[in-house]
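Participant: From just these sequences and the hints, can you work out the full model?
Residue numbers (this note's numbering), protein chains in the order written: chain A, 121 to 441; chain B, 121 to 441; chain C, 121 to 441; chain D, 121 to 441.
Some hints could be false.
Heads up, the list lumps identical chains together, so a pair's fine if it works in one copy or across two of them.
Unchecked claim - Here are the simulated SDA-like cross-link-like pairs (lysine to any residue), alpha carbons at most 25 Å apart as the crow flies:
1. Lys402 - Asp264
2. Lys402 - Ala217
3. Lys285 - Ala158
4. Lys402 - Gly317
5. Lys207 - Ala175
6. Lys173 - Glu287
7. Lys207 - Gly438
8. Lys285 - Leu374
9. Lys402 - Gly322
10. Lys402 - Ala305
11. Lys207 - Asp232
12. Lys402 - Ala301
13. Lys173 - Glu159
14. Lys237 - Glu193
Because the hints were derived from the structure by calculation, they are not lab data.
Here is how the chains run, residue by residue.
4 protein chains.
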Amino acid sequence: MNKHSVAVLGATGYTGQELVRILRDHPGMFTRFATSEAEAGQAVRGTSLRYVKAADVPLAEVDIVFACLPHGESGAYSIAAHEAGVKVVDLSSDLRAGQAGAEYGIPELWRDCVRGKTLVANPGCYPTGILLGLAPLIRAGLVDGGKPVMIDAASGVTGAGRTAKREYLFGEIAEDYRAYAAGNAHRHVREIGAGLGRIAGGEAPEFVFTPHLLPVRRGILETMYVPLVVGAGVGAAVEATHSMYAGEPYIEVLGETLLPSLRDVVNTNRVAIGHAAVTGVKDPLLLCVVALDNLVKGAAGQAVQNANLMLGFEETAGIGR
Amino acid sequence: MNKHSVAVLGATGYTGQELVRILRDHPGMFTRFATSEAEAGQAVRGTSLRYVKAADVPLAEVDIVFACLPHGESGAYSIAAHEAGVKVVDLSSDLRAGQAGAEYGIPELWRDCVRGKTLVANPGCYPTGILLGLAPLIRAGLVDGGKPVMIDAASGVTGAGRTAKREYLFGEIAEDYRAYAAGNAHRHVREIGAGLGRIAGGEAPEFVFTPHLLPVRRGILETMYVPLVVGAGVGAAVEATHSMYAGEPYIEVLGETLLPSLRDVVNTNRVAIGHAAVTGVKDPLLLCVVALDNLVKGAAGQAVQNANLMLGFEETAGIGR
Amino acid sequence: MNKHSVAVLGATGYTGQELVRILRDHPGMFTRFATSEAEAGQAVRGTSLRYVKAADVPLAEVDIVFACLPHGESGAYSIAAHEAGVKVVDLSSDLRAGQAGAEYGIPELWRDCVRGKTLVANPGCYPTGILLGLAPLIRAGLVDGGKPVMIDAASGVTGAGRTAKREYLFGEIAEDYRAYAAGNAHRHVREIGAGLGRIAGGEAPEFVFTPHLLPVRRGILETMYVPLVVGAGVGAAVEATHSMYAGEPYIEVLGETLLPSLRDVVNTNRVAIGHAAVTGVKDPLLLCVVALDNLVKGAAGQAVQNANLMLGFEETAGIGR
Amino acid sequence: MNKHSVAVLGATGYTGQELVRILRDHPGMFTRFATSEAEAGQAVRGTSLRYVKAADVPLAEVDIVFACLPHGESGAYSIAAHEAGVKVVDLSSDLRAGQAGAEYGIPELWRDCVRGKTLVANPGCYPTGILLGLAPLIRAGLVDGGKPVMIDAASGVTGAGRTAKREYLFGEIAEDYRAYAAGNAHRHVREIGAGLGRIAGGEAPEFVFTPHLLPVRRGILETMYVPLVVGAGVGAAVEATHSMYAGEPYIEVLGETLLPSLRDVVNTNRVAIGHAAVTGVKDPLLLCVVALDNLVKGAAGQAVQNANLMLGFEETAGIGR
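Facilitator: As structure tokens, then:
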């Protein structure tokens with residue numbers, strides 16, 4: 121069988137680079153076009169390609185597009201490409217509310233909805249970890265919906281993209297740490313709420329989301345304070361999570377004694393989930409800590425996972441462990 | 121007037137080094153003895169001293185001791201030195217529950233209790249930030265005591281001390297981030313609870329404390345989710361904080377629009393406090409974010425601040441801004 | 121064909137961890153035993169194994185040993201295992217002078233000597249880069265042997281191993297940089313000299329080797345100042361290097377305009393080599409800059425490359441690009 | 121006496137920020153104006169000032185200007201301000217060849233030339249360390265002028281300024297290391313040559329300068345391979361350096377056994393100089409390693425040192441140790 125021909129739109133960004141890297145080892149897809157407006161004509165490191173401008177990609181020669189353009193541009197390109205008959209995974213936030221019929225793709229939660237689809241919106245990095253961590257607890261009825269879940273998250277700097285901005289210079293970030301977009305002001309809040317609502321099959325639990333900027337290149341850690349219903353505890357939480365993710369190649373449930381760290385997941389497509397009991401408070405409360413690589417499971421790796429489902433490949437093809 | 125003669129016990133640790141550095145510029149104290157068991161006889165960088173063993177310090181020639189020995193050893197030494205008539209600031213956790221009559225020294229909260237005392241227990245780094253951030257809110261009656269405060273904290277690695285341990289090697293910490301001692305298992309939990317109780321003048325509000333290990337050398341950021349009483353909001357919180365800390369040289373209240381970052385406080389004795397409103401939850405909730413340098417305001421700087429009060433100096437003497 | 125059974129001796133060190141990681145994807149070998157004295161009985165992350173003590177490895181069940189024990193212990197173990205009929209790659213410096221008949225294994229230089237051997241000494245990380253960078257220049261007669269080559273090298277901290285030492289704590293290394301073992305005092309100097317002599321087929325050119333400690337986890341960059349014979353220039357150097365390494369899967373020759381950086385090679389088995397002309401000096405001089413990952417091409421990756429040659433596999437089997 | 125009124129031109133850059141910080145504690149100068157084109161009107165952190173545009177500084181109200189504008193703009197502004205009767209320290213490279221009569225200001229080498237001058241060109245960060253390290257050796261006749269000095273230098277990222285450029289993003293720099301402007305292509309090469317010539321009182325020794333980019337915020341380490349005349353050795357080098365810098369407050373000569381690291385000097389105005397013998401080469405060769413903080417002794421600290429000499433203050437006023 122011929123390999124499917126891929127166009128990576130926005131291939132000089134961190135996510136685009138990661139896609140090109142993953143696709144080098146994919147058994148059923150190969151990167152035919154990699155786009156960059158600023159570096160058009162230059163060589164794509166590690167390949168025999170040269171960057172072309174997005175407008176110069178001949179869609180007739182492309183089977184599937186991974187669109188990593190800036191938010192705003194990406195969705196428009198993706199819709200146009202999809203209307204031209206090309207399969208599309210859009211990695212921006214533009215289509216995540218289902219615009220143009222796009223399917224929201226977290227395989228471990230909604231695998232069957234993604235399989236065979238032709239337009240998929242790849243989830244945000246923060247929401248991926250939050251939804252995967254909370255889904256087993258919500259589905260098992262362990263979460264007390266009357267109180268907010270506090271979600272304290274920290275991300276490596278590549279999550280902010282590769283555009284030159286003063287605030288992301290090494291001299292600004294090294295040895296620093298800070299919260300940003302606090303108080304539910306982050307643009308992922310709506311996506312998180314929608315995802316929780318879909319999991320709950322109705323009203324989403326309340327939550328407060330506070331992202332922080334870590335002085336590391338990649339990785340997200342999300343520390344979640346989850347109010348439990350009376351009678352529930354860490355044992356039930358671990359069991360529900362184990363049970364829901366049994367056999368999942370990319371979910372690692374750590375049990376009651378271990379919490380994940382970035383090192384466990386960086387450079388892999390894995391999500392590591394740990395739980396801890398909380399003592400000293402009267403109402404039952406659970407700590408649920410999730411780690412993932414923002415560029416792999418939080419972006420390029422999950423995009424290939426979705427593409428594999430869209431194209432009928434083994435879901436893990438080309439992604440490694 | 122002759123300068124007071126100081127002994128720094130445990131002077132090769134990060135806190136001890138910082139004390140020696142601060143005291144070089146102090147107008148009323150000078151380091152006469154700096155101890156190290158392993159490096160006795162070697163030169164103390166930046167001074168004309170040589171390290172001596174702790175047992176070889178002639179207490180008769182010392183006016184004040186800063187004890188930075190390991191937890192366990194430090195308190196015993198401090199009590200003995202104090203009984204020998206020497207003033208003591210103990211920087212370990214050994215005396216923070218008031219053992220041997222030690223006064224718990226956070227000047228901005230209990231300045232008058234420290235003034236003129238001869239034995240002071242210097243607070244932990246995490247509790248310093250938490251108590252300073254929450255005190256104005258508790259005292260102003262803004263905190264809803266029926267729900268726990270969630271305290272998500274992150275500290276630079278020097279907070280773990282300078283003893284060689286595999287888990288703190290550069291190769292383990294760089295590009296990593298993780299929670300530890302989660303679920304109220306950290307040894308500072310008791311100190312935090314006692315401090316909150318003292319501020320509240322009775323029962324402390326419940327809290328959950330989750331420390332994380334940051335890949336930076338120094339600095340603590342504490343993101344606190346504070347349930348408010350009905351009718352209270354971020355404006356009242358900022359106002360109460362401003363009002364309580366008016367004129368304080370080391371407290372910087374940022375107002376409603378800014379949150380602090382480590383860069384604002386590292387290498388200074390300052391605590392920066394910011395507040396943010398939280399939208400999208402039905403019960404009133406406040407974000408209170410506090411930043412400080414764990415080695416300065418969280419240890420050596422506050423110790424000198426306490427010593428200044430004990431000896432009758434200007435409280436800011438030698439500490440800088 | 122059954123896969124060859126592997127024992128990784130010293131599997132909790134950085135090199136041992138990397139070996140276990142690489143071997144997970146190897147088509148012809150699998151890790152049967154992973155040893156640790158301190159963590160015996162505990163699980164080996166990412167596998168279904170548990171660590172055993174080195175003395176408890178039943179050599180009769182092992183086809184090939186990778187010995188990553190501390191310098192001193194490793195060679196003794198390797199010789200004993202080899203005498204017991206097991207194939208051995210020793211990753212310490214113990215056998216690199218040819219002790220017990222061990223072959224020094226840099227495939228790109230002496231591939232045919234390694235093929236089919238049963239005891240191979242895996243080269244040091246610094247010498248690997250130096251010898252691969254200088255070999256084409258020496259063999260092509262471009263180096264002026266009358267003047268020393270200055271070799272200014274910088275390595276990430278994992279090169280110092282995973283044993284707990286104060287000097288390698290995050291708090292000591294972050295934001296620092298320093299030379300060590302300067303003036304040809306490093307233990308690799310003898311290995312470098314022997315390797316250069318073997319390349320030259322006689323007397324080695326003089327050299328001065330100055331290693332530095334970089335605040336990064338992994339990667340080595342070696343900046344070499346190479347005196348050239350009259351008439352030689354950067355063009356001849358690039359051509360000789362291109363020509364010697366044509367078809368080599370792990371050597372990337374960058375040409376006259378680019379110099380390598382750690383990012384080009386980290387997490388891969390590649391060595392990137394760049395050259396630059398030097399202006400403003402009367403005698404011809406060349407800059408040759410080499411980058412490699414100290415844990416992959418500088419240790420575990422090259423060890424698997426050697427093992428592949430020893431066992432008759434494709435040289436790149438399991439190593440990736 | 122009234123304090124001298126200062127204008128810091130380009131006060132949002134790393135050097136400008138450092139100047140504002142140093143001047144807060146200066147006994148004889150205070151920052152009256154701090155300029156920024158992009159942040160005009162905003163508050164200057166840690167002061168009661170607001171940024172103004174450079175064109176809006178009323179020079180009639182200014183006693184001394186520190187010009188930290190981009191190379192190209194800075195010299196023009198400095199010359200105009202100087203012609204308007206204001207004293208000027210220009211921190212760009214524009215006037216370092218003596219344009220408009222500017223004096224090149226390294227106090228430890230040419231203190232008497234700076235004293236009382238009204239226009240001073242502040243040296244580059246790399247040249248400052250090189251010239252201070254080599255001056256004692258050249259003046260004592262220890263350097264063999266017939267062979268080049270190899271200068272392998274590494275700088276923290278703040279040396280590249282605070283302008284947003286992709287290559288200096290945290291995501292590009294962290295865990296990376298590379299040479300740049302190799303082969304004597306760096307713009308400091310001419311300044312180094314001129315300085316060495318002035319020290320030598322005639323022809324400068326040849327040299328090769330290779331800067332590298334370190335993943336640290338601040339600090340420069342320069343490892344120099346210095347050919348010695350026959351009979352000279354490390355002892356003579358240490359002695360000459362000690363002797364020349366006896367009593368200098370900002371030069372620390374480490375002796376024969378220690379080499380400096382960034383940690384020794386960062387956040388101070390000090391230059392630390394170490395020497396090591398080289399074994400295994402037939403012609404006498406010395407390693408001379410120099411460390412300094414690129415933003416303090418390499419920029420803002422030395423600028424204030426020069427200003428103190430220009431204005432008749434104690435040379436160390438306001439700079440600290």
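Participant: Compare the structure with each hint and give your call.
Facilitator: Results for each hint:
no.: 1; hint: Lys402 - Asp264; in the structure: both (14 Å within a copy, 15 Å between copies)
no.: 2; hint: Lys402 - Ala217; in the structure: between (38 Å within a copy, 24 Å between copies)
no.: 3; hint: Lys285 - Ala158; in the structure: both (16 Å within a copy, 14 Å between copies)
no.: 4; hint: Lys402 - Gly317; in the structure: between (28 Å within a copy, 17 Å between copies)
no.: 5; hint: Lys207 - Ala175; in the structure: within (17 Å within a copy, 55 Å between copies)
no.: 6; hint: Lys173 - Glu287; in the structure: between (28 Å within a copy, 21 Å between copies)
no.: 7; hint: Lys207 - Gly438; in the structure: within (18 Å within a copy, 33 Å between copies)
no.: 8; hint: Lys285 - Leu374; in the structure: between (37 Å within a copy, 24 Å between copies)
no.: 9; hint: Lys402 - Gly322; in the structure: between (28 Å within a copy, 18 Å between copies)
no.: 10; hint: Lys402 - Ala305; in the structure: between (30 Å within a copy, 16 Å between copies)
no.: 11; hint: Lys207 - Asp232; in the structure: within (17 Å within a copy, 49 Å between copies)
no.: 12; hint: Lys402 - Ala301; in the structure: between (31 Å within a copy, 19 Å between copies)
no.: 13; hint: Lys173 - Glu159; in the structure: within (8 Å within a copy, 35 Å between copies)
no.: 14; hint: Lys237 - Glu193; in the structure: within (22 Å within a copy, 57 Å between copies)
Every hint from the earlier list agrees with this structure, and none is contradicted.
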